[in-house]
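Chains as they are written, first to last, in this note's numbering: chain P, 135 to 301; chain E, 43 to 808.
A couple of the hints might just be wrong.
Unchecked claim - If you want the footprint, here are the derived chain E segments under chain P, 3+ residues with CB under 8 Å:
1. 64-71
2. 274-282
3. 487-497
4. 527-535
5. 682-691
6. 725-737
Claimed, not checked - What follows is a set of in silico ranges between Cβ atoms, one per label pair, in the way DEER data are often shown:
7. LEU188/P to LYS435/E: 52 to 60 Å
8. ALA250/P to ARG49/E: 29 to 37 Å
9. SER175/P to GLU710/E: 18 to 26 Å
10. SER175/P to GLU468/E: 55 to 63 Å
11. GLU151/P to ASN713/E: 27 to 35 Å
12. LEU93/E to SER138/P: 28 to 36 Å
13. GLY143/P to THR728/E: 31 to 39 Å
14. GLY76/E to PRO294/P: 33 to 41 Å
15. VAL289/P to ALA798/E: 57 to 65 Å
If you're looking for bench data, these hints aren't it; they were derived computationally from the structure.
What you are looking at is a predicted structure, and each value in this text was computed from that prediction instead of being measured.
A virtual CB, placed ideally from N, CA and C, is assigned to each residue, including glycine.
Given next are the chains, with one letter for each unit.
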Amino acid sequence: MQVSMTVNGQQRTDEVEPRMLLAHHLRDNLGLTATNIGCDSTSCGACTVIVDGLSVKSCTVLALQAEGSQVTTLEGLAGEDGELHPVQAAFQSEHGLQCGFCTSGMVMASVGVLAANPNPTDREVREGLEGNLCRCTGYHNIVQAVLKAAEAGPVAGQVPQTQEVSA
Amino acid sequence: MSILGTRVVRTEDPQFLTRGAVYTDDLTDERLTGALHATFVRSQVAHAKILSVDTEAAKQAPGVVAVYTAADLTDLPPLAPPFPFIAAEFERQWLCTDTVRFVGDAIAVVLTEERYQGEDAAEQVVVDLDVLPAVVGTANAAKDETILFPAAGTNVLAAFGEPAPADFFDGCEVVVEQAVVNQRVAPVPLETRATSAVWGEDGRVTVWCTNQGAQQAKGQIAEWLGLDASLVHLITPDVGGGFGAKIGADPEYALVAHLAKLSGRPVRWTESRSENLTTMLHGRGQDQVVKIGGTRDGKVLAYSLVTDQDGGAYPRIGVVLPTLTMLMTPGTYAFPKVHAQARALATNTTPIGAYRGAGRPEATAAVERAMDLFAAEIGMDPAQVRRINLVPKFDEPHTTLMGATYDSGDYVAALDKALEASGYAELRAEQQARRERGDARQLGIGISTYVEITGADNGAGTGEEAELEVHPDGTATVLTGTSPHGQGHATTWAMLASDQLGIPVEKITVLHGDTDRIPKGGGTMGSRSLQQGGAAVHQAAVELVEVAKKRAAERLEANPDDLIVDLGSASLQVKGTPGVSVSFAELAAEEALMVQTTFTAAAATFPFGAHVAVVETDVESGKATVVRIVTVDDAGTIINPLLAEGQRHGGIAQGVAQALLEEVLYDEDGNPQTSTLADYPFISATELPSFELVEMATPTPMNPLGAKGIGEAGTIGSTPAVQSAVIDSVAHLGVRHVDMPATSMRVWKAVQAAQAGAQHQNGSTN
Ligand code: FES
Ligand code: FES
Chain P
135 MQVSMTVNGQ QRTDEVEPRM LLAHHLRDNL GLTATNIGCD STSCGACTVI VDGLSVKSCT
195 VLALQAEGSQ VTTLEGLAGE DGELHPVQAA FQSEHGLQCG FCTSGMVMAS VGVLAANPNP
255 TDREVREGLE GNLCRCTGYH NIVQAVLKAA EAGPVAGQVP QTQEVSA
Chain E
43 MSILGTRVVR TEDPQFLTRG AVYTDDLTDE RLTGALHATF VRSQVAHAKI LSVDTEAAKQ
103 APGVVAVYTA ADLTDLPPLA PPFPFIAAEF ERQWLCTDTV RFVGDAIAVV LTEERYQGED
163 AAEQVVVDLD VLPAVVGTAN AAKDETILFP AAGTNVLAAF GEPAPADFFD GCEVVVEQAV
223 VNQRVAPVPL ETRATSAVWG EDGRVTVWCT NQGAQQAKGQ IAEWLGLDAS LVHLITPDVG
283 GGFGAKIGAD PEYALVAHLA KLSGRPVRWT ESRSENLTTM LHGRGQDQVV KIGGTRDGKV
343 LAYSLVTDQD GGAYPRIGVV LPTLTMLMTP GTYAFPKVHA QARALATNTT PIGAYRGAGR
403 PEATAAVERA MDLFAAEIGM DPAQVRRINL VPKFDEPHTT LMGATYDSGD YVAALDKALE
463 ASGYAELRAE QQARRERGDA RQLGIGISTY VEITGADNGA GTGEEAELEV HPDGTATVLT
523 GTSPHGQGHA TTWAMLASDQ LGIPVEKITV LHGDTDRIPK GGGTMGSRSL QQGGAAVHQA
583 AVELVEVAKK RAAERLEANP DDLIVDLGSA SLQVKGTPGV SVSFAELAAE EALMVQTTFT
643 AAAATFPFGA HVAVVETDVE SGKATVVRIV TVDDAGTIIN PLLAEGQRHG GIAQGVAQAL
703 LEEVLYDEDG NPQTSTLADY PFISATELPS FELVEMATPT PMNPLGAKGI GEAGTIGSTP
763 AVQSAVIDSV AHLGVRHVDM PATSMRVWKA VQAAQAGAQH QNGSTN
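Working from the sequences, and respecting the hints, build out all of it.
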């Protein structure tokens with residue numbers, strides 16, 4: 135079946151099997167492999183992307199369900215000029231990533247957390263990221279990165295396509 | 043000021059944060075165009091005879107190109123046990139022939155055009171089994187009632203050491219004995235296993251796979267498939283975590299390469315998480331008995347550790363883990379008598395391998411538990427008992443009764459720093475106040491001290507290579523045989539070269555994980571990388587400066603001894619005459635400027651530290667929450683504190699996870715109960731506090747950097763500290779021991795039993 139959606143600001147129309155997950159559609163059909171798949175029980179959040187302003191686990195959504203949606207993946211987060219999004223910049227400065235496998239989902243989920251709560255506490259960041267697992271960092275520097283990104287103001291909770299984002 | 047010791051942010055991050063890393067499943071190499079997808083058909087039963095495997099229906103399923111069973115692999119020799127001291131009868135088949143030995147044992151492989159078709163087709167393979175009794179747990183295995191490999195005649199895979207002499211505890215005023223479980227856990231790197239393979243017209247196979255050392259993985263695949271090593275080209279793409287479970291190759295990787303040959307097409311395989319949780323190597327899995335004796339004034343006189351290691355269904359690295367546990371038995375303590383004995387047993391469960399710490403956390407957990415039990419028995423503060431028994435500060439190597447030679451250490455200072463940073467006296471006062479008030483939330487304080495062995499292969503004198511080349515455009519390339527998968531070698535190795543040459547870190551590219559370009563390498567495991575691979579890069583940079591000086595001396599008509607490196611301009615200049623200089627880039631433009639070197643460390647190093655964990659336990663429910671973790675982790679000289687702290691953070695979290703939450707469970711028939719991330723309680727951000735790290739750095743003489751390993755220390759220290767804190771939180775209610783993971787249910791039961799007046803000397807609180 136055909137599915138059309140706007141991905142990172144670009145209109146995309148493709149043939150997909152009805153059962154194809156959005157995560158696989160992004161990775162296998164659109165070549166956007168920053169979005170990772172870390173589980174088969176919607177537990178890890180590695181696949182988190184932003185769909186119509188909401189951070190969602192793309193392995194819980196069929197590609198067909200995203201028909202007509204605005205989808206932002208990690209590849210679409212930096213500015214046109216390549217300037218890092220405040221959350222991306224903070225993940226680098228605070229060493230919020232090691233192997234990087236959780237990172238795409240973690241960054242997108244963090245944008246969602248900051249959209250819902252622009253000035254979170256340490257605890258609130260942890261609760262906001264409960265559905266995103268990381269095996270490498272012990273979360274310490276991820277939390278620091280989100281707190282640091284919050285210093286950038288509301289832009290830290292926004293994606294470039296100027297969609298409204300909420301958790 | 044040297045760049046070493048500064049918080050350089052990672053150069054690999056911009057790509058990781060904008061386009062993502064490129065893991066094995068992300069590869070778009072054109073040689074993989076048209077690759078088939080492999081899907082394994084795996085046993086759903088822990089132990090059974092195979093009566094028949096019918097692949098006919100599967101072969102007709104949409105997209106299926108081929109279905110392979112053991113009958114198609116008769117030209118491959120079975121997989122021999124990984125160590126020569128394991129009886130040859132414990133061999134493994136590529137695909138099961140007549141017996142399945144754990145849930146997940148591979149029976150067939152389906153190759154399909156598309157990913158989703160594989161799962162459909164795999165379900166069409168009909169396997170007829172005659173179920174046998176399953177062996178679960180070391181105690182059952184030791185009975186040898188059901189034997190996994192009848193030809194071997196026993197489930198004992200290997201045995202190490204002798205029983206303690208009968209008079210071992212003679213002269214002790216107090217002796218405490220406790221059975222302790224160091225439970226089986228799953229490493230769960232967030233990237234599951236994955237591989238791709240393609241054969242070229244030159245008869246060579248190119249294998250991409252997620253691993254911790256390309257050279258070792260290549261060697262294994264070549265050996266298993268009976269290929270000359272020159273025919274295997276192994277490439278390690280970005281790797282999404284390993285934690286020991288990705289050391290070497292797994293049989294699946296070699297089999298996929300073989301099937302690429304049989305099918306004549308490139309083949310890819312990426313396992314699902316449930317497949318990963320049931321078939322990737324697990325870690326830990328020791329049943330221990332600790333026995334400790336000493337005087338009532340706190341001096342330990344004798345300590346014994348007896349270990350049964352669960353090896354799982356087929357021998358892997360797990361079989362040798364107890365030898366590391368034995369080596370590190372006395373830990374930081376100067377016990378006058380030490381005894382250790384162990385064996386490894388086969389069970390109908392997932393094979394056991396290395397997991398962050400691999401044998402050493404088990405030693406530390408055991409001895410720290412023993413120290414707490416001893417302290418409780420004589421009524422002394424656990425910090426004081428430790429202080430009395432710690433090996434005093436030493437500058438000359440200290441050899442233990444188990445034969446380990448600790449390079450440098452000051453364990454008392456580490457303990458004191460951790461206690462001071464935690465506000466130990468105030469914590470005890472607060473605990474006392476809560477106990478007196480009978481608060482619903484009680485405070486528990488756990489202390490651990492540890493020493494561990496890193497770069498253990500130094501003892502083998504294997505050495506690690508590095509190649510460093512400066513290019514005419516002022517950039518440089520480092521080739522390393524280590525294999526980063528999160529550790530940030532691209533940045534740290536660049537710092538080490540930059541420190542000598544002045545070439546900025548951003549202009550230095552670090553390459554690893556391609557066996558055609560880097561034929562030799564030890565990989566990244568056992569916290570070896572900086573002290574061996576990093577030291578090799580440092581040595582290469584030092585040597586490159588010498589080579590450059592000779593060439594510059596001719597060009598500048600100066601004496602090489604009068605030349606100095608000007609780091610600011612990445613050039614050599616005549617001392618006192620800054621105008622007379624030549625840059626490394628200019629020298630490289632004349633003639634290739636490159637050095638290849640091997641660094642061999644003098645011996646292994648022994649990082650150490652002390653952790654204090656503070657938990658709050660809800661006495662009604664038994665739920666313990668970690669509220670603080672204060673750690674001193676002395677890994678010698680630190681090159682990049684930002685990254686070293688990251689290693690500590692990750693290690694600490696995995697230790698907390700084992701102490702409080704995580705456990706791989708099987709039912710008595712060997713059915714896994716934790717085969718998805720919905721069931722396996724992988725620790726999340728909400729279950730952890732932010733960590734309080736205290737600095738301490740005692741350099742090692744074993745390498746010019748003064749660096750010891752930092753990758754596993756956090757786990758080794760935090761696991762017993764947290765377990766101890768949980769027990770301490772309910773100690774006033776009469777609880778002496780709770781096994782890991784100290785879940786609400788376990789703690790609650792322990793409290794109930796203690797209050798009912800039961801004794802907990804046997805530690806069985808399940
Ligand atoms: S892959 Fe989507 S939650 Fe794990
Ligand atoms: S950085 Fe490796 S899983 Fe998070």
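Structure-based check of each hint:
no. : hint                             : verdict
1   : 64-71                            : holds (count 5)
2   : 274-282                          : holds (count 3)
3   : 487-497                          : violated (count 0)
4   : 527-535                          : holds (count 4)
5   : 682-691                          : holds (count 5)
6   : 725-737                          : holds (count 6)
7   : LEU188/P to LYS435/E: 52 to 60 Å : holds, 57 Å
8   : ALA250/P to ARG49/E: 29 to 37 Å  : holds, 31 Å
9   : SER175/P to GLU710/E: 18 to 26 Å : holds, 24 Å
10  : SER175/P to GLU468/E: 55 to 63 Å : violated, 43 Å
11  : GLU151/P to ASN713/E: 27 to 35 Å : holds, 32 Å
12  : LEU93/E to SER138/P: 28 to 36 Å  : violated, 51 Å
13  : GLY143/P to THR728/E: 31 to 39 Å : holds, 34 Å
14  : GLY76/E to PRO294/P: 33 to 41 Å  : holds, 36 Å
15  : VAL289/P to ALA798/E: 57 to 65 Å : holds, 59 Å
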